[in-house]
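Protein chains: 2
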Amino acid sequence: MKQAIVARTDVGMGTGKLAAQVAHASLSAYEDADRRTRKEWKGEGQKKVVLKGESESQLFELADVAEREGLPYAVVRDAGHTQLDPGTVTALAVGPGRDNIVDKVTGDLPLY
Amino acid sequence: MKQAIVARTDVGMGTGKLAAQVAHASLSAYEDADRRTRKEWKGEGQKKVVLKGESESQLFELADVAEREGLPYAVVRDAGHTQLDPGTVTALAVGPGRDNIVDKVTGDLPLY
Chain E
-13 MKQAIVARTD
-3 VGMGTGKLAA
7 QVAHASLSAY
17 EDADRRTRKE
27 WKGEGQKKVV
37 LKGESESQLF
47 ELADVAEREG
57 LPYAVVRDAG
67 HTQLDPGTVT
77 ALAVGPGRDN
87 IVDKVTGDLP
97 LY
Chain H
-13 MKQAIVARTD
-3 VGMGTGKLAA
7 QVAHASLSAY
17 EDADRRTRKE
27 WKGEGQKKVV
37 LKGESESQLF
47 ELADVAEREG
57 LPYAVVRDAG
67 HTQLDPGTVT
77 ALAVGPGRDN
87 IVDKVTGDLP
97 LY
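Chains as they are written, first to last, in my numbering: chain E, -13 to 98; chain H, -13 to 98.
Hints are computed from structural coordinates only; laboratory data are not their basis.
Treat the hints with caution; some may be incorrect.
Which copy? The list can't say, so a pair holds if one copy fits it or any two copies do.
[Unchecked claim] Below, computed lysine to aspartate or glutamate pairings styled on DMTMM-like, alpha-carbon distance capped at 20 angstroms:
#, residue 1, residue 2
1, Lys28, Glu42
2, Lys33, Asp71
3, Lys90, Asp71
4, Lys28, Glu17
5, Lys28, Asp18
Okay, chain E solo, but in the shape it has when bound (with noise of 0.2 angstroms):
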């Protein structure tokens, strides 16, 4: 199991900055996923992936991908005190999940 976090590259994070909304995508998806999906993939020793996404608008037609998989996922969006406009999309986090489902989604997306 994986949980893929697609942060974009289009917006001019700093590298805190993108980890703090890659952490935020991941909690908040994880929270969205079944008790038995988070217990697994806690158990596996929570893999993650982070990846490079270039648009808001890629993020929200990956989210309906995910969506369509069954997948939980999660759209982080800024609340803008600091280096980004309020309401920003940051990062999409999907999954936990198979790999094989989840790589439907993300699968073609470069490693940030």
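Got chain E; can you put chain H on it based on the hints?
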């Protein structure tokens, strides 16, 4: 309330790697918190800050302080499949907890 995640700057993690380790630490410390704390922090928007740490020994010292303050915390070791040697300590998450208590542990560290 907030959660502070301290990531090491001295082990040469790439951006995506660092984000994954921060997310791992964040989720593990979250799971270490009691239900009421988790709920309150999420209700406030799960505020997170990512800070710079400089060594493994520093992270363990800060974890000791978190323990003494009664805060949830988690130290993350990398599985070492990529980039780092297996077992390398990469990140420490402290909280969620009251801002002033979290600051007792990590208040002197620079933003990442």
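Right, here's what the structure says about each hint:
no.	hint	result
1	Lys28 / Glu42	neither (29 angstroms within a copy, 24 angstroms between copies)
2	Lys33 / Asp71	between (31 angstroms within a copy, 17 angstroms between copies)
3	Lys90 / Asp71	neither (31 angstroms within a copy, 31 angstroms between copies)
4	Lys28 / Glu17	both (13 angstroms within a copy, 11 angstroms between copies)
5	Lys28 / Asp18	both (14 angstroms within a copy, 13 angstroms between copies)
Checked against the numbered hints given earlier, the structure breaks hints 1, 3 and satisfies all the rest.
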